[in-house]
Amino acid sequence: MGEYAVLGGASYTLAYTPDMVIHDGATQVTERVVNPDGEYLKELPNHLRSFEDAVRYAPNQAYIGNLNNEELKAIEFPWYDKPTDITERTGKYGEIMPEDEFYGLMQICDTFDLVELEAGFAASVKEKLAAHGMFTDEQVAVLDKNANFTEEGLAAVVEDGGCGLYFDGKLVGVIKKAHDVDVNLSAHVMLENIASKATSVLSLLHLIRVTGIDPAEVDYVIDCAEEACGDMNQRGGGNFAKAAAEIAGLTNATGSDTRGFCAGPAHALLNAASLVKAGTFKNVVVTAGGCTAKLGMNGKSHVEKGLPVLEDCLAGFSVLIREDNGTDPVIRTDIVGRHTVGTGSSPQAVISSLVTDPLDRAGLKITDVDKFAPEMQNPDITKPAGAGDVPEANFKMIAALGVKRGDIEKKELASFIVEHGMKGWAPTQGHIPSGVPFMGPCRDMMLDGQIERAMVIGKGSLFLGRMTNLFDGVSFVIEANKGQGEGGSGVSEEEVRGLIASALKDFAAGLLAE
Amino acid sequence: MAILNGKKVIVIGDRDGIPGPAIAECAKSAGADVVFFSTECFV
Chain A
649 MGEYAVLGGA SYTLAYTPDM VIHDGATQVT ERVVNPDGEY LKELPNHLRS
699 FEDAVRYAPN QAYIGNLNNE ELKAIEFPWY DKPTDITERT GKYGEIMPED
749 EFYGLMQICD TFDLVELEAG FAASVKEKLA AHGMFTDEQV AVLDKNANFT
799 EEGLAAVVED GGCGLYFDGK LVGVIKKAHD VDVNLSAHVM LENIASKATS
849 VLSLLHLIRV TGIDPAEVDY VIDCAEEACG DMNQRGGGNF AKAAAEIAGL
899 TNATGSDTRG FCAGPAHALL NAASLVKAGT FKNVVVTAGG CTAKLGMNGK
949 SHVEKGLPVL EDCLAGFSVL IREDNGTDPV IRTDIVGRHT VGTGSSPQAV
999 ISSLVTDPLD RAGLKITDVD KFAPEMQNPD ITKPAGAGDV PEANFKMIAA
1049 LGVKRGDIEK KELASFIVEH GMKGWAPTQG HIPSGVPFMG PCRDMMLDGQ
1099 IERAMVIGKG SLFLGRMTNL FDGVSFVIEA NKGQGEGGSG VSEEEVRGLI
1149 ASALKDFAAG LLAE
Chain B
2 MAILNGKKVI VIGDRDGIPG PAIAECAKSA GADVVFFSTE CFV
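If you're matching them up, the sequences are chains A and B in order.
Residue numbers for the first sequence, in our numbering: 649 to 1162.
Residue numbers for the second sequence, in our numbering: 2 to 44.
Hints are supplied without guarantee of correctness; some may be wrong.
As the list claims (entries may be wrong) - Estimated spans, in silico, between C-beta atoms of each pair:
(1) A:735 to B:37: 49 to 55 Å
(2) B:37 to A:829: 32 to 38 Å
(3) A:990 to B:3: 29 to 35 Å
(4) A:688 to B:37: 41 to 47 Å
(5) A:1053 to B:3: 49 to 55 Å
(6) A:784 to B:37: 53 to 59 Å
(7) B:3 to A:694: 45 to 51 Å
(8) B:37 to A:771: 53 to 59 Å
Unchecked claim - Pairs of lysine to aspartate or glutamate, DMTMM-like flavour, derived with a Cα cap of 25 Å:
(9) A:1044 to B:34
(10) A:948 to B:15
(11) A:1031 to B:26
In short, the hints are calculated from the structure, not lab data.
All values reported here derive from a predicted model rather than from experimental measurement.
The C-beta atom is built at its ideal place from N, Cα and C for all residues, glycine as well.
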């Protein structure tokens, strides 16, 4: 076996949460403070999709693995008004979970009795989760503790600083604050963190399904979401990774959290591949849950233009990085791009540091990479909001750099973007679109022989934390498994033959001399 | 570029377009006094 870590599989999940769009999305929370009687908040409920519409939405089906990129590309853009015929909530990589079941999952993920659900609602959710097939009897039984909770009682908890959980506009649950004074344990923060944990857990469970790995064989978990958990004495203490691993039944795993805004997943994957390559661990899982704050982030533009509010799902993913098995694609931890402190912020400097510098060091041209996976945001969401087609902008920049270097002719620029790029399909959940949505499709395409080499590019907006004005990013190459690294530190079969032949020759010479 | 010469300038960059510091450098080279710059994320 070679000396690189390999890509063992990936899972992708969505939780359809339209009521959370209204109550917990940062755009809407801000609007309730600055413009509570404005048109936007009045109009918003009329622009929320049904669960069935969210399931039939092409980019969502692409995310969970029921549509490949060519099939998505074949659907005329925009996609929001062209529902697919697919009505399956489960796909090759994961599922789209409805809001009521998701609240039940949040309660399963809550180990401090902070989630309470109205008794009748909880009973109906319990039935659905029992039929879901991925949760243990013990986990489903957690919902029994709601037997005495009434809507009036829940309303009183909201009055006391709790956050309401709504379904079809009706109060059906609460998240209680975890401390009377500490804002880091407020109901709002606990809701964000439990929602992130729950979507991560859902993805971990699907990763187990997708890869068939024995949960007890996972050694280490790295969470790379964008939330922070801790109390007033250690605001970002962590550890989401181990908390989610506990619920997902990864009993022999420990873990830690890696952060880097949208670049977090790429950093985490590099860490995971390096831990496996070093022999520290055999099976490392990179995982992340979704972000309630980003629900409806571009809602104002969508409502203004008469579109459905397309940011109505929390997203999660998990990726298994494991020891080389001779077949899975290899993570080339020796072909890595870095945006360093000294790189600078011009787009050309950023793309050079992440794309062409590592390829140059490996003696490769940009045309040697079959597919580039930068940030894969769904343009259906971003274009009406004025943010353009983000993946396409990245492919254009890579192609332009390729022309400047002489890797491709100027006339080939457009075809390079088509051949080496992809249509974006990921929800705008910050870290979720950043290169990592391609890990699952990339593995499948390499195992099928469709592509040989891909580059995953993660970019992060560090300046949002007001600690630095710097940008950030890392990238790495994935290759179809051809035994790369075999014999790199050992001796090849040919060399062994040579050594034996030489020894026999010496032995024969010795015998002749005697 | 004379339009920026001697003018006070506020720069808002886009992380997926041209970031603030890059625009600020261009504006400075055209004689502008950049009083504030930042980069925002719209995704």
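Structure-based check of each hint:
Checking the proposed 49 to 55 Å range against residue 735 of chain A and residue 37 of chain B shows it holds: the Cβ atoms sit about 51 Å from each other. Separated by about 35 Å at the C-beta atoms, residue 37 of chain B and residue 829 of chain A satisfy the suggested range of 32 to 38 Å. Separated by about 32 Å at the C-beta atoms, residue 990 of chain A and residue 3 of chain B satisfy the suggested range of 29 to 35 Å. At about 28 Å, the beta-carbon gap between residue 688 of chain A and residue 37 of chain B misses the expected band of 41 to 47 Å.
Hint check: residue 1053 of chain A to residue 3 of chain B, Cβ distance near 34 Å, so the stated range 49 to 55 Å is violated. In this structure, residue 784 of chain A and residue 37 of chain B meet the distance hint of 53 to 59 Å, their C-beta atoms being roughly 54 Å apart. Roughly 50 Å separates the CB atoms of residue 3 of chain B and residue 694 of chain A, a value that falls within the hinted 45 to 51 Å. Distance hint for residue 37 of chain B and residue 771 of chain A: a CB-CB separation of about 56 Å, consistent with the stated range 53 to 59 Å.
A threshold of 25 Å between alpha carbons decides the hint, and for residue 1044 of chain A with residue 34 of chain B the separation of about 32 Å lies outside it, so the pair is violated. For the hint pairing residue 948 of chain A with residue 15 of chain B, the CA-to-CA distance comes to about 19 Å; that is within 25 Å, so the pair holds. Our distance criterion of 25 Å between C-alpha atoms is broken by residue 1031 of chain A and residue 26 of chain B, whose separation comes to about 28 Å.
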